[in-house]
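Chain by chain, the residues:
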Amino acid sequence: MSNVQNKTHAIELKGLRKSFGKTEIIRGVDLAVEAGDRVAIIGPNGAGKSTLFNLISGRLAPTSGEVLLNGKRIDGMRPFEINRLGLSRSFQITNIFPKLSVFENLRCGVLWSLGYRYTFLRFLSNLDDANERTEELIHQVGLGKKRDVLAVNLTYAEQRALEIGVTIAGGADVILLDEPTAGMSKTETQHFISLIKQVTVGKTLLTVEHDMGVVFGLADKIAVVVYGEVIAFDTPAAVRANPRVQEAYLGSAVADAQGAGH
Amino acid sequence: QKGETVKVAWLDPLSGLMAAVGTNQLKTYQFLTEEFNKKNAAGVKFEIIGIDNKLSPQETTSALRSAMDQGARYVLQGNGSGAALAIIDALEKNNARNPGKEVLYVNYAAVDPDLTNSKCSYWHFRLDADTSMKMEALTTFMKDQPDIKKVYIIGQNYSHGVQVAKYAKENLARKRPDIQIVGEDLHPLAQVRDFAPYIAKIKASGADSVITGNWGSDLALLIKAANDAGLNNVKFFVYYGSVSGTPTAMGAASAGKVYQVAYGHTNMGGEIQRLGTEFTKRFKEDLYTQSAYTALTMLSEAFAKAKSTDPVKVAPVLEGMRFKSFNGDVEMRKTDHQLQQGLYITKWDKAGGKYPVDEEGTGYTFVPVKYFEPYVASTPTTCEMKRPSS
Amino acid sequence: MSTMTTSPAYYRFKPWNLGRIIIWSLFAIVLIVAPMIFKSSLALTMLSQMGYLIIICLSYNILLGQGGMLSFGHAVYVGLGSFIAIHAMNLAGKGGWPIPLVLIPIVGGLAGSFFAILFGYVTTKKSGTTFAMITLGIGELVASMALMFPGFFGGEGGVTTDRVYGKPFFGITFGPQNQVYYLIAVYCFICTGLMYAFTGTPLGRILNAVRDNPERVEFIGYNTQRVRYFAFIIAGFFAGIGGGLAAINFEIVNAADSLNAFRSGSYLLFTFLGGAVFFFGPIIGAVLLVFAAVLLSELTKAWQLYFGLVFVFMVMFAPGGIASLIMMNLRVAKFGKLNRFWGLYGALVLTAIPVVIGAAAIIEMIYHIQLNSALGPTLDFMRVTLDTSSFMSWFGAALILLVGLGLLEAVRRRFVRLWGHAQEEIEAEIKRREMA
Amino acid sequence: MTVEFFVISLLNGVSYGLLLFMLSSGLTLIFSMMGVLNFAHTSFYMLGAYLAYTISGVVGFWPALFIAPLLVGAMGAAFERYSLRRVHKYGHVPELLVTFGLSFLILEVVQLVWGRSTVPYGLPTQLQGPLFTLFGTQFPKSRSFIMLVALLMLLSVWLLLTRTRIGLVIQAALKHPEMVEALGHNVPRVFMLVFGGGAALAGLAGVVGGNTYVTEPAMAASVGSIIFVVVVVGGLGSLAGAFLASLLIGIVQTFAVALDHSMATGLRAMGVAVTESTFGYPLLNLTISQVAPILPYLFLVLILIFRPKGLLGTRED
Amino acid sequence: MLKLHDIHAYYGKSHVLHGVSFDVRPGEIVALLGRNGSGRSTTAKAIMGLVHAEGKLHWKEQDILRRKAYEIAHLGIGYVPENRDIFPKLTVHQNLLLGQKGSGKGSRWSFDDMYGMFPRLKERQHTEAGVLSGGEQQMLTLCRTLMGDPDLIIIDEPTEGLAPKIVELVGQYLRTLKDKGISVLLIEQKLTIAMQISDRALVMGHGSIVFDGTPDSLRADAAIRKEWLEV
Ligand SMILES: Nc1ncnc2c1ncn2[C@@H]1O[C@H](COP(=O)(O)OP(=O)(O)OP(=O)(O)O)[C@@H](O)[C@H]1O
Ligand SMILES: Nc1ncnc2c1ncn2[C@@H]1O[C@H](COP(=O)(O)OP(=O)(O)OP(=O)(O)O)[C@@H](O)[C@H]1O
Ligand SMILES: CC(C)C[C@H](N)C(=O)O
Ligand SMILES: [Mg+2]
Ligand SMILES: [Mg+2]
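As you go down the protein sequences, you meet chains A, B, C, D and E in turn.
All the letters of the first sequence, read from the start, carry residue numbers 76 to 337 under my numbering.
All the letters of the second sequence, read from the start, carry residue numbers 566 to 955 under my numbering.
All the letters of the third sequence, read from the start, carry residue numbers 38 to 473 under my numbering.
All the letters of the fourth sequence, read from the start, carry residue numbers 43 to 359 under my numbering.
All the letters of the fifth sequence, read from the start, carry residue numbers 3 to 233 under my numbering.
Which residues of chain C face chain D? A few of them, derived with a C-beta cut under 10 Å, are:
1. L107
2. T160
3. K162
4. L173
5. G174
6. I175
7. G176
8. P187
9. A339
10. L342
11. L346
12. M351
13. V352
14. M353
15. I400
16. Y404
Rough simulated footprint, nothing fancy, chain B against chain D, three-plus residues with beta-carbon under 8 Å:
17. 45-59
18. 170-179
19. 182-188
20. 245-259
21. 264-277
22. 323-334
Hints were generated in silico from the structure; no laboratory data involved.
The C-beta atom is built at its ideal place from N, Cα and C for all residues, glycine as well.
Construct the entire structure; sequences and hints are all you get.
What follows is the structure, encoded as structure tokens:
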């Protein structure tokens with residue numbers, strides 16, 4: 076009912092909590108992300124950033140609280156149901172289909188959204204729209220040359236790119252990326268940020284990152300998660316200036332990160 | 566036909582659950598053909614082609630094809646009525662579809678009564694007594710044992726075990742209505758590792774006798790468990806006490822408690838006993854498939870009578886043929902091709918004296934306690950034999 | 038959109054491209070002429086068995102190779118397909134249902150998929166070891182229960198039928214074995230085609246994805262359980278067709294035979310031996326299965342020993358199955374390097390012969406002592422008479438074996454080295470092409 | 043059900059359960075730690091029995107009780123060293139298949155050496171006869187001995203797992219073998235020892251099982267799948283689970299034998315008329331006692347559906 | 003203490019290290035820098051006996067080339083791999099337990115030291131390591147290797163995925179190790195931290211060492227930095 080009056084948010088978390096056994100990891104998170112925003116989530120290790128992603132994407136069910144996607148409750152739904160509602164995520168640890176080629180990996184990501192569900196009465200090769208979309212994607216993520224290479228045989232950076240590719244393939248308009256640039260060199264990271272920017276134009280984006288360069292380069296807003304709570308949610312400048320954030324997360328490295336700003 | 570070599574295919578398991586039995590039987594046939602080839606009435610030589618059918622009806626049909634390719638026109642088989650049925654079925658079709666290439670089947674041990682009743686076939690001849698006949702003899706014996714009052718029936722849950730139970734109940738009801746069936750159990754074939762619960766149940770039921778059609782480890786383990794639990798005053802009436810492995814399992818502990826019904830036993834005297842002893846000496850195993858002797862005798866005499874080894878000519882001769890086998894005068898009943906022969910009740914006991922042939926080196930043997938003339942065990946048939954119209 | 042470089046026509050499925058036409062025509066020709074070359078009645082049954090086993094092994098591979106599901110209970114669907122098919126034949130024979138024989142395999146297929154729908158609902162909820170164990174349990178249950186319901190399963194004897202019923206189909210009665218063979222061959226061809234087509238459909242591809250990484254599949258919109266379930270049903274359908282054909286072929290179906298764990302095991306074994314990674318692997322597997330089951334046991338009493346040996350060595354040295362050996366060589370050939378191996382292959386074969394002969398002679402003599410001693414000490418081994426009581430026979434066999442082993446090892450070492458070189462060159466070549 | 047029958051059945055159930063545990067403890071070790079579905083496990087069991095038969099003929103049963111398992115263990119270790127290890131890197135299915143092949147080989151070799159029929163492997167005099175008599179039913183010493191051995195196995199495997207890091211090393215090595223080596227553990231040797239140990243346990247089970255029951259070539263196949271049931275129902279990675287599952291299966295199965303009830307009798311009791319013409323009569327008429335020996339499989343399926351980790355398991359795959 | 007001379011290493015048939023020579027002295031922190039793919043991780047693996055290597059490799063006067071990894075570990079070299087390789091199904095505590103060699107007696111490090119260093123790990127000690135956060139896993143790997151009481155510890159990109167504050171912490175701990183007389187071979191991407199704490203810096207390029215000197219001299223040598231480190 077409240078949704079009718081309020082403007083619907085792309086993602087809205089209300090009083091979200093999650094415990095594993097006795098330990099409460101997420102301790103009441105309220106967060107509303109407007110459609111089209113790019114939000115970075117930062118916080119110390121083990122603060123619960125990935126867990127938050129898991130709760131939103133359906134990998135885990137919250138202990139209590141609500142998750143809303145475009146105003147619709149999605150907590151407790153299975154990952155594929157949430158995905159069908161237009162939310163897609165990538166993983167901190169690369170999570171693709173190792174024995175399929177780059178092209179097939181991406182095409183798998185495309186299929187459902189184009190309505191080719193469990194069909195076994197049509198040939199993939201005849202699904203023009205799927206193939207066109209895949210072809211487009213493959214160039215977007217810069218893997219055109221590796222079209223028929225099996226995913227296992229890609230280099231780490233290429234796998235990360237593929238990971239992003241599979242994530243955006245379904246055309247979801249809410250995208251969650253978990254440490255997309257981890258393990259990449261500076262050059263690769265820079266290239267990657269522009270890639271992410273480019274493929275998420277007009278979409279709602281949530282990323283988890285430790286690399287302050289990336290965070291400040293990518294985000295319109297930053298949410299700081301500490302010990303399972305959001306202690307700040309504001310513009311980059313405001314967050315950087317926030318003493319609690321400095322205390323809890325940035326330490327003296329702020330200077331470093333600023334220096335490394337791109 | 567003199568000097569001719571007749572190829573006889575033997576299709577039975579040499580691997581799997583019944584490998585030991587099959588191997589023993591193949592040796593029996595090889596050993597006996599050697600004997601028969603020396604003094605064959607028809608002057609022909611037998612050649613046994615042993616093929617492993619893995620106890621599987623499907624493999625049996627393939628094996629049959631291969632046997633026919635090798636020129637065999639006689640088939641021997643005995644283990645498992647499933648395979649028997651497969652052969653009958655295949656031969657019915659083959660013999661109808663390929664005149665001039667008819668094949669004849671001698672069944673030496675598959676005992677499902679259906680094979681000579683609803684499923685009887687002109688090309689099939691059975692030498693063992695079927696389940697109903699053995700039960701006829703067995704219950705006739707039990708009828709005269711006044712101390713039998715409570716009977717427990719246990720069997721493998723497949724056609725053989727079910728039939729044993731069925732005939733046991735029918736026969737006892739007819740011959741000794743006062744006998745109580747205090748329990749009946751069917752257990753899955755070759756699945757039970759521990760028979761103690763069954764023994765406990767038998768004991769609790771107060772039974773004084775157990776009837777079982779079990780064979781192989783299902784029998785060995787059953788009797789072992791009974792011995793272990795000290796079930797001393799219960800008699801076991803069994804079908805397959807001599808089959809490889811069972812005597813070893815029974816050993817001394819079962820002495821005096823196990824009765825077997827069969828068309829023969831190891832202490833028959835005469836040629837069969839001599840051959841048995843020689844067999845044991847040569848192979849360190851017992852010759853218990855004595856119907857092999859009957860099979861070879863029957864074929865030899867039929868060849869001689871038919872003056873041919875062509876199954877088409879031999880089959881009519883076999884119908885109703887009377888001949889003498891190791892266990893006396895027998896007749897291949899014309900109506901259903903079931904051999905009519907006398908049956909023996911034997912008891913597991915110490916070997917020696919008149920009955921010296923110990924089984925599997927246990928020092929024990931099946932001692933004959935009663936002989937029944939063929940007519941006693943004879944059971945009616947419902948067979949409507951379809952003979953090829955010639 | 039500007040990045041689009043290839044036109045849609047590039048992907049279009051062109052059923053009539055040259056390579057496909059050649060391969061499928063060859064397959065058809067082999068199916069057609071095989072019985073003209075191998076004429077004995079045993080050969081004909083073997084060919085018939087191969088025909089439906091190809092379907093069964095391919096259907097098994099939908100689970101194993103394409104879906105990563107290790108099933109120990111595939112015989113359930115084949116066997117139940119057989120039973121329903123045979124009951125349908127009996128009904129049709131009695132004039133109950135007017136189903137022509139040519140459609141009986143479809144009945145089997147429907148039965149197979151019906152039971153796959155029934156049991157698959159629980160089995161496919163899980164994957165990995167859990168899946169394997171559930172199928173093992175269900176397999177054992179169905180097999181044991183079958184013996185307890187003689188009404189439907191015909192008890193020990195099974196259910197028999199006569200496939201010659203109804204009006205002849207264009208003068209074909211399906212009495213003679215070779216007519217049945219051609220029926221099987223037609224089904225084999227069509228089913229192989231269909232299953233191949235399946236690999237190119239969305240469901241088929243997602244099934245591969247589920248095999249590789251089930252978790253991720255959930256995040257691209259698919260319900261993995263559903264994917265496995267559908268694949269399971271499709272596999273059940275083809276398994277049932279295979280079962281129906283088996284019923285027609287044997288005209289008898291038997292629970293002990295067609296439902297037991299051993300049967301399921303052999304589908305697994307031979308699918309794997311043929312090569313689960315490639316579509317055509319199971320076809321090779323099925324052919325081998327028939328050879329192993331029918332021929333090997335007739336050639337030698339030691340078939341289980343040979344079987345075990347071959348199996349252990351195959352898994353150890355060619356874990357991708359025979360198909361992978363073929364593909365490896367094709368790859369070498371594609372890079373034009375196969376020529377240098379012909380000589381070595383020849384040498385391998387030549388040196389393997391004495392090893393095999395020597396070993397087999399010894400094994401056969403041992404078995405002879407155990408199984409055929411009733412026939413005297415001599416045996417016929419490849420037209421040579423061996424005498425188990427003579428030292429010379431043993432010594433000779435051992436000598437041949439040892440000499441062969443020595444030579445074989447020498448050749449093998451050389452082969453391994455050269456093969457390594459060739460692979461290196463190929464890798465380099467691939468890198469170079471990628472750069473270009 | 044009388045008290046008498048109840049007590050005896052309980053005893054039978056427990057002792058059968060312990061027999062199952064004895065058969066499967068080695069498999070638990072290998073399967074739940076190394077993830078290898080060792081299809082040759084019961085072949086090692088059979089080898090143990092045959093070797094003990096031969097050895098006890100020469101030096102007597104008691105020495106054989108130690109020698110035979112050691113021999114079987116050595117064979118297991120050798121198999122791991124020369125065959126399984128090569129296959130390990132290809133994954134679990136090939137591992138399983140190679141043990142499958144091995145089971146064929148062992149069976150054939152056993153038949154070649156000892157023949158195809160039962161061998162007269164008997165109990166030593168110390169184990170013959172009853173240990174005690176309860177309500178007129180004897181409880182044999184041999185069965186008690188099996189129970190004792192099973193408990194000793196439980197104890198020793200438990201000590202092995204809790205007092206040493208072997209279990210951890212193996213589990214870790216399944217994931218990152220190189221890392222475990224880099225931490226200073228000799229991974230190949232640990233694998234070899236565990237596989238050999240599992241085989242030795244199977245061998246020991248054979249030594250005592252072979253003479254209590256029968257020693258024949260079919261003995262391996264006959265216990266083939268039931269022991270997988272025990273391990274899986276108990277829960278992968280859980281020794282206690284396997285123990286619990288063995289006892290549970292043993293007891294349930296034993297008592298099930300006593301129950302001559304069927305769905306038909308149940309329905310009749312509820313006043314539903316069930317006759318031979320009722321649909322599904324053969325199924326309805328099947329008594330619990332008739333299906334008792336296959337109940338474990340039902341158990342397996344149900345457990346896996348409702349609790350895939352097994353009774354006390356910690357992991358699913 | 004550790005001496006590499008003309009080490010060549012191969013992945014299967016591909017030649018990755020083309021003659022690497024350097025040494026590490028007792029109680030020294032040596033940073034091994036270089037671009038992605040320059041062969042730093044391979045060098046670490048070569049020392050640990052995890053890849054096929056040729057050349058001369060000595061540790062405490064012993065030839066350790068071609069020794070098995072577990073033998074090398076027992077001789078006192080600890081290795082923290084770049085992709086963490088935690089054992090996901092084991093608990094944190096069990097992971098640490100596996101780091102110990104033998105009974106762990108006489109080791110410089112105890113569980114309490116580790117938990118003191120990263121209290122977060124103590125909180126999570128009975129949790130399966132697989133569900134730890136990325137950063138926690140990184141801490142765990144480091145501690146696991148320390149439990150084996152090495153005299154030289156090779157750390158491959160320890161700060162990856164760590165929050166900036168923790169990165170500083172790790173830097174401090176590496177200094178502590180040095181104070182306890184343990185040598186460190188630090189493979190790092192983040193120049194700043196590496197330059198801060200190391201005594202010596204090595205730069206690797208195309209499978210061999212192209213610079214060997216103090217951090218200060220590296221800072222001064224813009225040419226080297228430009229060619230081998232920066233973009
Ligand atoms: N399934 C689980 N069971 C128990 N604890 C868990 C589980 N999943 C996560 N945790 C715990 O929750 C805490 C938060 O983990 P999470 O992965 O969300 O951290 P994070 O903020 O992403 O940290 P990092 O930046 O290091 O990746 C960690 O302490 C982790 O151990
Ligand atoms: N397992 C492998 N098989 C084949 N080549 C490999 C393998 N691992 C690394 N390489 C190659 O070896 C070279 C050196 O790799 P290495 O991992 O040592 O680099 P690095 O300096 O540690 O870089 P990074 O920053 O990516 O960790 C690279 O070209 C890489 O592609
Ligand atoms: C030989 C016997 C043990 C088998 C028996 N003839 C049967 O049909 O089951
Ligand atoms: Mg995280
Ligand atoms: Mg690296």
